[in-house]
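Asks: These are the residues of each chain, in order.
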Amino acid sequence: MNLENKFRELQNKGEGAHMPHVYYGDPHEEFSLKLLETLVENGADIIEFGIPFSDPTADGPTFQAVCERALENGMTPSRCIEGIKKLRTKGIDNPIVVTTYYNIPYVMGVRKFLDKIKQAGAQAIIVPNVPVEEADVLLAEGKKSGIHPIFQIAPTTTEERLKKITDIASGFLYVIGVEGVTGVRESLGDSTLKLVQRVRKHTDMPLMAGFGISTKKQAAAVVLAGANGAIAGSAYARIYEKNLKNPETTLPEITKLVEQIKQGCIEGYKQRK
Amino acid sequence: MNLENKFRELQNKGEGAHMPHVYYGDPHEEFSLKLLETLVENGADIIEFGIPFSDPTADGPTFQAVCERALENGMTPSRCIEGIKKLRTKGIDNPIVVTTYYNIPYVMGVRKFLDKIKQAGAQAIIVPNVPVEEADVLLAEGKKSGIHPIFQIAPTTTEERLKKITDIASGFLYVIGVEGVTGVRESLGDSTLKLVQRVRKHTDMPLMAGFGISTKKQAAAVVLAGANGAIAGSAYARIYEKNLKNPETTLPEITKLVEQIKQGCIEGYKQRK
Amino acid sequence: MKNGKFGKYGGQYVNEVLMPILIELEAAFEKHYKTPEFQDKLNTLLRDYAGRPTPLYHAKNFSKLIGCKVYLKREDLVCGGSHKLNNALGQALLTKEMGKKRMITETAAGQHGLATAMAGNVCGLETEVFMGVKDIKRQASNVKRIKLLGAKVTPVDIGMGVLKDAVSDTLRKWTTCSQTTHYLMGSTVGPHPYPEIVATFQSVIGKEIKKQIVKKEDKLPDTIVACGSGGSNALGAFRPFIKEKDVRLIFVEGGGESLEADNSAAAFKIGKPGVLHGAVMQVLQDENGQIKPSRTRAAGLNYPGRGPEISGLVDSRRAKSGSAFDNEVFEAVKVMARTEGLIPALETAHAIAYMVNNKDEFDKNEVVVLNYSGRGDKDLETIMRYFNES
Amino acid sequence: MKNGKFGKYGGQYVNEVLMPILIELEAAFEKHYKTPEFQDKLNTLLRDYAGRPTPLYHAKNFSKLIGCKVYLKREDLVCGGSHKLNNALGQALLTKEMGKKRMITETAAGQHGLATAMAGNVCGLETEVFMGVKDIKRQASNVKRIKLLGAKVTPVDIGMGVLKDAVSDTLRKWTTCSQTTHYLMGSTVGPHPYPEIVATFQSVIGKEIKKQIVKKEDKLPDTIVACGSGGSNALGAFRPFIKEKDVRLIFVEGGGESLEADNSAAAFKIGKPGVLHGAVMQVLQDENGQIKPSRTRAAGLNYPGRGPEISGLVDSRRAKSGSAFDNEVFEAVKVMARTEGLIPALETAHAIAYMVNNKDEFDKNEVVVLNYSGRGDKDLETIMRYFNES
Ligand SMILES: Cc1ncc(COP(=O)(O)O)c(C=O)c1O
Ligand SMILES: Cc1ncc(COP(=O)(O)O)c(C=O)c1O
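If you're matching them up, the sequences are chains A, B, C and D in order. Each residue of the first sequence is one higher than the one before, counting from 1 in the numbering used here. Each residue of the second sequence is one higher than the one before, counting from 1 in the numbering used here. Each residue of the third sequence is one higher than the one before, counting from 1 in the numbering used here. Each residue of the fourth sequence is one higher than the one before, counting from 1 in the numbering used here.
Please note that a few of the clues may not be correct.
Listed next, the in silico DSSO-like pairs over lysine-lysine satisfying Cα-Cα at most 30 Å (straight line) [to be verified]:
1. K269(C) - K320(C)
2. K211(C) - K210(D)
3. K217(B) - K256(B)
4. K210(C) - K215(D)
5. K215(C) - K210(D)
6. K164(A) - K5(C)
7. K201(A) - K242(A)
8. K41(C) - K207(C)
9. K256(B) - K86(B)
10. K60(D) - K152(C)
11. K292(C) - K85(A)
12. K207(C) - K41(D)
13. K112(B) - K8(D)
14. K41(C) - K64(D)
15. K144(B) - K272(D)
16. K194(A) - K100(C)
17. K34(C) - K269(C)
18. K147(C) - K359(D)
19. K64(C) - K101(D)
20. K216(C) - K216(D)
21. K243(D) - K211(C)
22. K137(D) - K137(C)
23. K118(A) - K272(C)
24. K210(D) - K137(C)
25. K210(C) - K8(D)
26. K207(C) - K207(D)
27. K219(C) - K8(D)
28. K60(D) - K31(C)
29. K210(C) - K216(D)
30. K207(C) - K5(C)
31. K334(C) - K96(D)
32. K112(A) - K100(C)
In case anyone wonders, no lab produced these hints; they're calculated from the structure.
Produce the entire structure from the sequences given, and follow the hints as far as they go.
Replies: Quick look at the structure:
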């Protein structure tokens, strides 16, 4: 299913979307596959499929450690792309958004990289270190490959930039509610909600809110504020990292969390008047 | 006996003079007194009576240690001067030449200091760090006190300075044969003998050669070269420092050395043609 | 400086959070830098606090050894012991102009962290310095200095605990506080406008060289040699000569132990273009684009990337790149100590080693300016250990 | 300079062995110093090697703290980190003029030993440095530097193993080799002509101050403050102002732990005139004239004597003497670090401590030049240990 249809389907159902973010290959490929299956089976609508990078400067300590482990265990971009194929082979139909840092596609060749993930079954790509100013290649090649480059919006984004971004964006907008990097946060500041509201004024495009979301309540809040859904990533890694020898044993806890966050996305939508 | 008479007496006997140099108070006063008695009884003609100073820059390691020990044991200039008196009380009649560094008389007052050592029984003073350039006070006050300031001559002394020094000197001239400080040396360079000969051309005044003399042979050599006698100091300290707990036990060895050096002074004289 | 591109290098590959701040920074720099007030404040500090102009010293004994005429541009005499303060003072003044109260930065050798703390105190700004745990150990004395100045030293224990990791973490930290805090980038790396800002502040070196050498030799130098990783001291020296095509520019990077993988910092020799810390640079990486850690005994060269501008200069062959291995570098320290009585920083010693190793490249009548980027006090322990053990 | 006397101080109280050498030295100095060739060589080295002129820095933050207008004369920026090189370069050139091939010297903080080794290498002279065993331990990093430069470091373990003993042993050594070897005296002490020679070479400091302050303030300074023991940095700064009676001169010596016997280096406070190391000086001694060891945490001030000229200036009340205690000195280091981002040498910190402790002595409109004689890198361990333990 493509992104557009997914968002339409959820809107019809009256639900917010949940997009969990998983870096592929931590602690090993088999677990990542099982984890993604579990997430999808229990509430995930869209998959943010991370390709680990050595220097993930937009990521907090949890995902830094995740990337480090995945790379140490030999994960490569090509094997990640194979992983996307495997998900599709398993019959998972949800939209897949690849996340990685720009050096990965840059070194492979942006067009080649986008073609490959497209072939494997992905619909979009998030490259946190490519702002609009540097997005020409990604936009042009994305168009040719049929991959949406997803852009982010931050509290620091000016009105002028917001316009620029919404003008070129497709798929959805990634709203970073906090000034900072990925990672679990105790409470979600008003800033996130305000930013969602601010962006909403500019565009009807789907908005996914991320960074710092780890609870049902937080998910509900961003959806209530107008986001089309909530992204959570480190929150899941924090669960399975507690037992890296047998991460499968943590899947029940992860199941519970994804159910709850999805529930938050649903309730937040319902609470809108 | 004054210096002049002593040198005349020895000339008449056909002997070179031996002047041992002892810093008073190392390791303690009683030993210094015994040591000086022993030296006089066994060959010393003149006593070089050292008043220890904290920073004896013209002295080598042996005498540095000697000064340090004497000061640690509480020796003071006043007690040294008392020591001279004690020697006289014991009936020792040999000329006594006080050696010290200029700060000692400077702080007490040069005139006062010279008067005191004169009263105690000394005939002359050696202040190694007072060259002719700075000798005005010492010369003037020495004259008044009746104390000869003894001047040194070194291998570096130019002809011009040699003349200046011999012009103002009295008592005897102290010929430093080596460029360096006090201390035992294996062999006496030609330089010492040459310097003695050089100085002898300028003056009939008694010449005492010192620095580095520790054997009969060396003593004989300097006397043969024209010196009126030989000075040895560190050589004696090197013997008694081997047993600082019971330095008296070393007196027999010291006796032997002073006899030999005196013997050298005699033989050197005889060898002159 | 409109786009910050140097051929295929450069750019602004950062999070959206930081983009507006970079735009603001560029505007502030363009607005303030050229004003007489800013120039006056900067030049006064450079002269009276930093000790500029630094001398151009004709090193006769070293010249004899190499077989040409070598001048040392004495950045070791800059307050703090290296060229780093030129840039730190400039950016600290800019921070004040922007109305920010804090500065954060990262440091490897500690020289830049120290310079930032100094500039911070002079300008009345709070300073926080991120430093890899491994570098904290290796550069203990600079850590002490930074702390004595009252700056906060934050250990970075991710990755290998070295400069690359400290830069990453400073960038992360910056995304949390960029509106109140300036990131004082220490070399000509990072996203535009940093490479431009740093090179501009450092180009005081080259401007002085030009004046001084013309006075001494009545001509431009034939060659300028400088060490570097990010490239700030090299560009500082090179910039006013880039258009003077007859002036050879030689850039010396850290060869490390050997050119085998993971044992070197020689990104021009064994790296390729890639995107790191906000820009396309020549960078050490594996075939998949994962950045590789660099290795060299000179903490200040221990960075896997070459800044955009120096990458561009080498790519276009305007500058030549060379490298020196660790053991050659230690020997070069000794050569300089014995010939000229100067103990160079290990970074600087790379430029020296290059000349010692490539005497043939220098003609008898050639006038060479070696940018003597820093003094070796910070490396003394390392140097002595090397000579005691080898 | 005919007799080298400053009131009751000075003179030539040395062995006959050395007298002819001193006469030769005086003649050589008088012959060569004033020639254009010598001046040219010296000035070139001072400018291009040592980094002169050093800046006169208006320390605004520190000024605010004291309550007057303080300029720092930045001798810390001289190559090697202190004023010592001014004199070492001068005497090294003189050594060459005299046709001697070797230099010996003594050092306490190691700054002068380092400067001598540097000057030796630049001028192609062999160097041997005598250093008390206690100072070797306390100033380990400078010992390493000196050795790396290829100079011989000879430990002195007589007495307390400190500067006084090293001077004594260097004098002894000199008597054995004075015809081929120059004793490069490191401060304005020793027999004439040393105090004169050293003060002359150091007076470049004061000449620069005069020019610089007139340019900045259009008048002479009201006050000059300098630390010292032998007095070379102080005299270097004071000399061109001695005849300017309106310029206050303040000399700060090492108070040590307290003014009790054996715990201080404050010879003006608790010493008296005496003869040591070739001259009459103000010196720490007991009632019998035995020289007392001095004590202060600043190795470079740890000498029991004040040089003849500074002794004379204080005796005639042309200069005022003050002192600072060790704990005040450490606090002064921190004050300077925090206000101006500079870590001073412990010696220099005495002058800073004096100003901090005597703010009342300085008027609001007073222009004070503090001769900032050296940087604190050599003292870093000591400083950090103090703050960690206290
Ligand atoms: C003395 C010295 N030289 C050179 C460098 C390298 O930096 P850059 O490449 O920015 O000149 C450093 C970095 O710390 C340094 O301390
Ligand atoms: C930095 C510094 N200041 C001052 C001094 C004191 O020397 P002087 O009294 O000769 O100026 C020293 C001596 O080592 C020193 O290193």
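Asks: Against the structure, test the hints numbered earlier, and report the numbers of the ones violated in rising order.
Replies: The structure breaks hints 7, 17, 21, 24, 25, 27, 32; every other hint is satisfied.
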